[in-house]
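Engineer: Each chain, letter by letter, is given below.
There are 2 protein chains.
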Amino acid sequence: MIRINQELLTFFSKLSGSSAGSSVMEKRFATGNNIINQGKHVTSVFIIKNGIVKCIVNEENGRDFIQEFFSQDEILGELEIFNNTISFCNVEAITEVEAYHINKKDFYALLENHRELNILLLRALANKVRDTAIRASQQQSHPIAYNLQKLLVFSADQARLFSKQDLANYLGITLRSLNRAISELNGVPKES
Amino acid sequence: MIRINQELLTFFSKLSGSSAGSSVMEKRFATGNNIINQGKHVTSVFIIKNGIVKCIVNEENGRDFIQEFFSQDEILGELEIFNNTISFCNVEAITEVEAYHINKKDFYALLENHRELNILLLRALANKVRDTAIRASQQQSHPIAYNLQKLLVFSADQARLFSKQDLANYLGITLRSLNRAISELNGVPKES
DNA sequence: CGCGTAATTGAAAAGTATCAACACTGGTGG
DNA sequence: CCACCAGTGTTGATACTTTTCAATTACGCG
Numbered sequence: 661m662i663r664i665n666q667e668l669l670t671f672f673s674k675l676s677g678s679s680a681g682s683s684v685m686e687k688r689f690a691t692g693n694n695i696i697n698q699g700k701h702v703t704s705v706f707i708i709k710n711g712i713v714k715c716i717v718n719e720e721n722g723r724d725f726i727q728e729f730f731s732q733d734e735i736l737g738e739l740e741i742f743n744n745t746i747s748f749c750n751v752e753a754i755t756e757v758e759a760y761h762i763n764k765k766d767f768y769a770l771l772e773n774h775r776e777l778n779i780l781l782l783r784a785l786a787n788k789v790r791d792t793a794i795r796a797s798q799q800q801s802h803p804i805a806y807n808l809q810k811l812l813v814f815s816a817d818q819a820r821l822f823s824k825q826d827l828a829n830y831l832g833i834t835l836r837s838l839n840r841a842i843s844e845l846n847g848v849p850k851e852s
Numbered sequence: 661m662i663r664i665n666q667e668l669l670t671f672f673s674k675l676s677g678s679s680a681g682s683s684v685m686e687k688r689f690a691t692g693n694n695i696i697n698q699g700k701h702v703t704s705v706f707i708i709k710n711g712i713v714k715c716i717v718n719e720e721n722g723r724d725f726i727q728e729f730f731s732q733d734e735i736l737g738e739l740e741i742f743n744n745t746i747s748f749c750n751v752e753a754i755t756e757v758e759a760y761h762i763n764k765k766d767f768y769a770l771l772e773n774h775r776e777l778n779i780l781l782l783r784a785l786a787n788k789v790r791d792t793a794i795r796a797s798q799q800q801s802h803p804i805a806y807n808l809q810k811l812l813v814f815s816a817d818q819a820r821l822f823s824k825q826d827l828a829n830y831l832g833i834t835l836r837s838l839n840r841a842i843s844e845l846n847g848v849p850k851e852s
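For the protein sequence lines, the chains are F and R, in the order given.
The first sequence begins at 661 in the numbering used here and counts up one residue at a time.
The second sequence begins at 661 in the numbering used here and counts up one residue at a time.
These aren't lab readings, by the way, just hints derived from the structure by calculation.
Incorrect hints may have been included.
Since copy identity is lost for identical chains, a pair holds within one copy or between any two.
Cross-link-like lysine to aspartate or glutamate pairs, in silico, EDC-like; alpha carbons within 16 Å at most [unchecked claim]:
id	residue 1	residue 2
1	674	686
2	810	772
3	824	720
4	674	817
5	810	720
6	765	844
Starting from the given sequences, assemble the full structure and let the hints guide the process.
Structural biologist: Next up, the structure:
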């Protein structure tokens, strides 16, 4: 459930320490703060050094859908930079977050001067497509109980970090349905 | 609903005509044939010259979910090539399809020798992530009627190409539900 | 014509949302 | 110390939506 991408962080942390690293800045976000805002332009990419964020889409009918939780090593904002579009989701810090950030112009310069970054990003993006597509398919094709079990396995370690509402928004269901599904998992035999 | 990517096709058709184009082959698929098979390795990328394909995930519970319909100019198989993974879906020709294809080794050589291809692919992938994520969010957050209307607008032109089952699989619902939703759209006031 | 596939429809069962009430927690100010 | 409040979590009852199952019709094609 939480995405991790070791290669990218290694690249940027090396870069940050080198003479060419002047374009790599660091920034810190407190719990609950937004790193990227839905509907706004994005002026730099972020790479998470540590912490956990949620990528959350606010639909115009008032519902929130959590695209994904991102953690250490993941890149944010690259979609908007590459296609010059506004962001389609909010990215909010669930824990305190430390991140590198690089503005658009410097980021393109890095792509020019570091060939290996191109392939790292191609791989990262290919992974994002794959994961997003697989999750969409599974959530559409399976009942709540199945998706919930998968989610609980992945989130077991950090269970305290995620509110029930977050879990419901991730599964695309209401809080009430989440609670019922959980109690049914715990042996209550689903009265008919 | 149908994805199109003009830049990529222009790049490969130019390349195909040039002296460096020996690595770009062409292939033709009849309606109903599979271009990529779920669970199998992918040995080359495809760029659609013309025709329409559906990218369909076969879940282990027997349900099929259509990820997307791809048309002219879209690239296929790049996810699997970049991350060296087996394919997570079948890609099936809905109409007759003509496509360029380039094997993995040659594809990487092109990436080395044509810097501009890197950025074209980064943009293409960023777009795929975005579209996939937005669709997942919308389908999870809205009732069938809403999603159906959006779908019908996009597919109106080629309505005859898509079976009802395809439309249902795209929406992640059963054929029965699709039929009810359609008749309710056409004025039948949803008997209670 | 006859067969197989696609499309349609009804009725019952299963799943999910909505609404509303209530419990638990931590912090704030009187 | 306690009353109060806001946020989070829990639970029940009911209404609504979607699936499942089954039966029937429509259509293309050898």
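Engineer: Which earlier hints turn out false for this structure, listed by number in ascending order?
Structural biologist: Per hint list: 2, 3, 4, 6 violated.
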